[in-house]
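Construct the complete structure from the given sequences, taking the supplied hints into account.
Protein chains in written order, with the numbering used here: chain B, 505 to 1271; chain P, 505 to 1271.
A couple of the hints might just be wrong.
All copies of an identical chain are treated as equivalent in the list; a pair is satisfied when it fits inside any one copy or across any two copies.
Claimed, not checked - Within a straight-line C-alpha distance of at most 25 Å, the following computed SDA-like cross-link-like pairs (lysine to any residue) qualify:
hint, residue 1, residue 2
1, Lys1060, Thr895
2, Lys693, Gly790
3, Lys871, Ala1042
4, Lys1070, Arg1122
5, Lys620, Thr730
6, Lys871, Val1086
7, Lys963, Lys1021
8, Lys1068, Asp1117
9, Lys1070, Val899
10, Lys618, Gln1195
11, Lys618, Val720
12, Lys871, Asn1149
Honestly, the hints are just simulated from the structure, not real lab data. Remember, it's a predicted structure, so these values are computed and weren't measured experimentally.
There are 2 protein chains.
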Amino acid sequence: MKNLWSLSANGFVGGKESIMRRGNVYQIANGYMGYRGTLDEFGPDELVGITLAGIFDRVGSAWREPVNAPNAAFTRVSLEGVELSALGSRVTRHEQTLNFANAVFGRKTVFAAKAKTLTLESSRWLSAATPNLGVVTFSVRCAQAARVTIRTGIDCNIWDLNGPHLRQMTAEKHGPVLLVQGVTHENSKRVVVAEAIDLPFGTETHETTDNRNLRVIQLRAEAGRTYTFHKYFAVFTDNDTVNKPLTEAAIETVQQARALGREGCRERHDAEWARKWERCDVEIAGDDEAQHALRYSILQLLMVAPVRGSANSIPARALSGQVYKGAVFWDTEIFMLPFFLHTDPEKAVELVRYRIKTLDGARRKAKTEGPGYRGAFYAWESQEAGDDACTYFNVGDPFTGRDLRTHFRDKQVHITGDVAIAMWEYFKLTGDDSLLLEGGAEVILECARFYYSYAYFKKDKGRYEILDVIGPDEYHERVNNNAFTSMVAKETFAIANATVAYLRRNHPKALRTLLAKIDIQGELPRFREAENLLYVPAPDARTGVIEQFDGYFQLKDATVEELKAKMVHPNEYLGAAQGLAVATKIIKQADVVAMLNLLRSRFSAKIKKANWDYYEPRTEHGSSLSACAYAMVAIEFGHLDFAYNYFLQTAKIDLEAKYKVYVGTVFMGGSHPAANGGAWMTAVLGFGGVQADENRVALNPRLCRKWKSLRFHLAYKGDDFRIRITRTSLTIVPSRANARIHTFLVAGRPVKCRPGRSVTVNYRPAK
Amino acid sequence: MKNLWSLSANGFVGGKESIMRRGNVYQIANGYMGYRGTLDEFGPDELVGITLAGIFDRVGSAWREPVNAPNAAFTRVSLEGVELSALGSRVTRHEQTLNFANAVFGRKTVFAAKAKTLTLESSRWLSAATPNLGVVTFSVRCAQAARVTIRTGIDCNIWDLNGPHLRQMTAEKHGPVLLVQGVTHENSKRVVVAEAIDLPFGTETHETTDNRNLRVIQLRAEAGRTYTFHKYFAVFTDNDTVNKPLTEAAIETVQQARALGREGCRERHDAEWARKWERCDVEIAGDDEAQHALRYSILQLLMVAPVRGSANSIPARALSGQVYKGAVFWDTEIFMLPFFLHTDPEKAVELVRYRIKTLDGARRKAKTEGPGYRGAFYAWESQEAGDDACTYFNVGDPFTGRDLRTHFRDKQVHITGDVAIAMWEYFKLTGDDSLLLEGGAEVILECARFYYSYAYFKKDKGRYEILDVIGPDEYHERVNNNAFTSMVAKETFAIANATVAYLRRNHPKALRTLLAKIDIQGELPRFREAENLLYVPAPDARTGVIEQFDGYFQLKDATVEELKAKMVHPNEYLGAAQGLAVATKIIKQADVVAMLNLLRSRFSAKIKKANWDYYEPRTEHGSSLSACAYAMVAIEFGHLDFAYNYFLQTAKIDLEAKYKVYVGTVFMGGSHPAANGGAWMTAVLGFGGVQADENRVALNPRLCRKWKSLRFHLAYKGDDFRIRITRTSLTIVPSRANARIHTFLVAGRPVKCRPGRSVTVNYRPAK
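The following block contains the structure:
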């Protein structure tokens, strides 16, 4: 029977591609940093990456990207003078595992050399309790007495896409602690890595060669005896707020960890993880494949959730490397945030705060991006200060070798509305207005201000229009009246107006202060007018289909296969201005359907079906964000088998790692946290049928065929609930600690949920 | 000394390129048809083309283009059984001429074969008196008695770019007249060609082989005797309004011409040409090079001016072939019309009427091109009915072999304003309101209606904007607030408002009828508002430079040389969405400067200089329309040497024919009537300093260094004037037949011009 709480692999196939994919699948992270699923003995050629959250650097005119730290988990063993590596020919057996329960990576490899056999075991984890800390346990056992050398320490050979980012690197030894430090090119930010070990055997000397700061441990191993040591490493950067020098903080951290010991450290780590799973696990009975994939997806999200108080967000490739410049996209607000909002709002706080922190960056972008733009134009690819890392030439052209002008940065304006919606969603589902008061309301008003400055009024039609944009379907650039974008803009005006109304009622003084601070009082009537008069393409009266943008229906019809058959270069981009998709109705990903999903309560199942039927055959699903939107909408009109396939596709994306990893010469591999979030959404909000808003939680389950039951946890307005859905009944278990009674709407019927009082109702799945 | 009334060449270099260029340079035309400057014995491989005005056809999905007629001027000679051709090895001497005075093409070639010598002479002209008629005079003379065979008749092997267009071709003989006819693919329009000769020697038989309908003339030539025959040919199509069958009309035409005889026909032709030159010649003393080139340019315009009553216009490549689909561009209104307006307004009538005739086509385009467009969106490439021949993919991409999406058709909206301005210009300079009443006012109002439907209002800025356009600089597509386009749109509103005011005062009933017909009364207040509130980028307060469009100043600076150095394919297009120029400030052709020229009375010399200085170094002059705009503006601030160089470049473009003739595999060769018009404009309106509007003619001459004097004719409000400018004095000779006294403004001083009373004033050239 499949272990539903772990992942494992036997054997190790070498080759760049395989090493890279394993590195993605087996990665671990703790919000502060990620560590790719590589092996102890690997180096930069094998894409070892310790990617740090929220610290960025740019070298020359290359892409700005997150900084990777030196690798303090480096260990290499030689047996009778023969260096051992899982990539070499000495491997008898290899297995590696990832434990979902606590995000511990383990490996066990048996090597044979000089007629002797050595078994190497190690485990690695990044502390969920102490974000700067990582711990490795490493052991060797020889079947025969043998001479073993272990080199362990800090490898300063760093894999970078656009590096090297650290200069002035030093290799230091402070008593028992090894330390390296360097500074970034752009802002001279310091990165310090320290390492200490518990070594109960052998003799240790110190070596600094090949850009490594190493301990050399000589051991005459007895036959059959296991030699184990623990390693504690810490990473600190100038982003950490510590009231002492960083080197001191790093040394202290590893010393304290060593003093506490591996078991002590692990207990705290495991306790944190238990708490996470307690809140966030989803249990599916009757479908091990789905259970395993979904849990792996949730694990990914839990690992990369930002450290509390960091106001960091989650990049599109999370902490799996430097792909996509470590930037935060709309993925976070639309595809990841719902998971955190519905399970662990404390993590959602950081994601939302990140947009408050980067408001000034969004203001800078508005000022510089267009004539007369005002307010907050959020970055398409946002880094730590909210400036846009997206370039105007963001896709390589294999025909000319030049970069293609794309308009992601300057025209994909829905990002601003995505931020406003996320901000408001947090408030609606938590009831917590503190973020609004701490900058959230300012964000929302500046988002509305931006859209007003972007919108034009069409006098002869008596309406505002949002012109010249890219919607989620990036294959059609610079279109007018894109349904998704216009809807999101209209929503932003509505949210801004609701925010003002809410503050006026509840925090009049704060409102006055805010309006004065950003001098926006005079613009409020405009926002009310724009909420009413902004045009959004409506469903066609006859067919119910919403035109994706002005003129879409007049484009040439085609199938994805026809399009692909016309490709003359495997890496040619189908979008930008001249791509093969541009003149056709083929879209990259859900666009109208993404809108129907985002604002699912506004549209009937009939409209949803009409648009799904129309757009799905015309969708390439060239983005990992597409399938889950189609799955979500399909559930609402009863296409459960379709939805299940898309769900599984989404949930398995990082587990199977079959995605394309190179576009031209650009490495694109890494994790897909938005798809992970999409998998959770499809399971819980889709099949589970959860729809929460500021007034109530509605539950309209539509379990897919295979699922006997679905259990999950729900956070709502500060209270907690466990939900269990079978094919005929639904049980709500409100936490004993809940503050108040809630009325849920189960399949349309109101159900009172009293603290600590479980309630079960029978239901008939909606059709 | 150079003959300033003709062009001649000696020798004939074969090769495709050379044959093609000769064909362009030596072409003749009479408004009804053009005949390329090819030789009697040439066929389709040598690009023989008899291109007909105003009749178009499309074969399958290929480009729609004008129809070429079968070649009735075909004659091939053999000497002692050896076929003679200027391309063969038998040529001893060859010369060819084009007589500017009457547009007669002549050639004389001496051949040697079988130890005998034959001199072939011919002349060819297309009647200026009888548009359907062409005449050839052909003679042979042998130095020794020899056996000569002459095959002459109609060659149905037609050179087409996207043909063949004629099907159901027949070869007929009606008594002495040879005739062929066929019908077009698309609309089954009939094309009939008839031919008759005056043959005073030899024996004639009839032959139809190789797709030719021929007479075979056997001659035993005596030594030293010249054998001459005349050929009369006629072309008729279903576009001709004749009250009899076309075949009959064609036969009658050639029979009547033969009856009248070559001399009689020629007299009428020459008389017409004398009248043309009388009105249109420009005499430059002291600069033969300029004189010759300018006269050649004027010849080109005179030859291709539409037949009276045809309501045809002049295509961008005139009648030199099928290049640019035989379509009419803005070239006509902006670069050719001024010549006709100022010299021979009767020809201008046809050009203006053409836009009235095609108003319905412009309405159709508005309806189909965008959501909610109304009024008249004139075709970027206009054919006979005003439908747009421009494709959405109008430029080939050498990298992919695909066609690039360009926005000439859907976004180069200034064409509509160019039409309105031309319509109004005709009225202003002629004082003739008949065209306004016959549809011109309707055109103007529909043009304003189009711009209103295209314009957006920016509420926070209190202004209308014209968004998402291409200006004359086609290297930057889809820009906002392009100065040229916005100015032209604003001008259109002003013209519409002035039209209404004029009609209200002078033709109130016609106005009422018109307003009711197109149901536009309710929109008139909008036009007044738009005239006031439409935003046009203004000169920068400090530098005086007008930003070409929003964001232009932020583009990368570069030189044309830098740009060209980056080209990796000689035929790669610098524009469309991804061309090398797009991200830079490099522009294809005058844009802001074209606006300063078009509305020259609105801007000071200082502003003109500031913009010239800024934009000229950034201009590739990739269009033949560019140099003359820069020349015109340079004159106004005294850069006369610069202006002279650009003038000469423009005036010589078709004479030297050094332009690029192939873009990718697409043939682009042919004449440049817009440049011809630009040369005239630069000479007369520029150096001559003529500025006429509805109130008066102003003359501010700034003769360039070389010119001792400049003489030209001027038509104004139905009266005629001869002007002679020397370096210090200016003489106006009002025609005796003038209807009234005019006051001209010479270098700022009012000068009374009484019918028949010449007046001379001294002036100091403006600085």
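Okay, the hints, checked on the actual structure:
no. : hint               : verdict
1   : Lys1060 to Thr895  : between (30 Å within a copy, 14 Å between copies)
2   : Lys693 to Gly790   : neither (51 Å within a copy, 74 Å between copies)
3   : Lys871 to Ala1042  : between (32 Å within a copy, 21 Å between copies)
4   : Lys1070 to Arg1122 : within (16 Å within a copy, 38 Å between copies)
5   : Lys620 to Thr730   : within (15 Å within a copy, 113 Å between copies)
6   : Lys871 to Val1086  : between (30 Å within a copy, 22 Å between copies)
7   : Lys963 to Lys1021  : between (32 Å within a copy, 23 Å between copies)
8   : Lys1068 to Asp1117 : within (21 Å within a copy, 49 Å between copies)
9   : Lys1070 to Val899  : both (19 Å within a copy, 19 Å between copies)
10  : Lys618 to Gln1195  : neither (64 Å within a copy, 100 Å between copies)
11  : Lys618 to Val720   : within (21 Å within a copy, 102 Å between copies)
12  : Lys871 to Asn1149  : neither (44 Å within a copy, 43 Å between copies)
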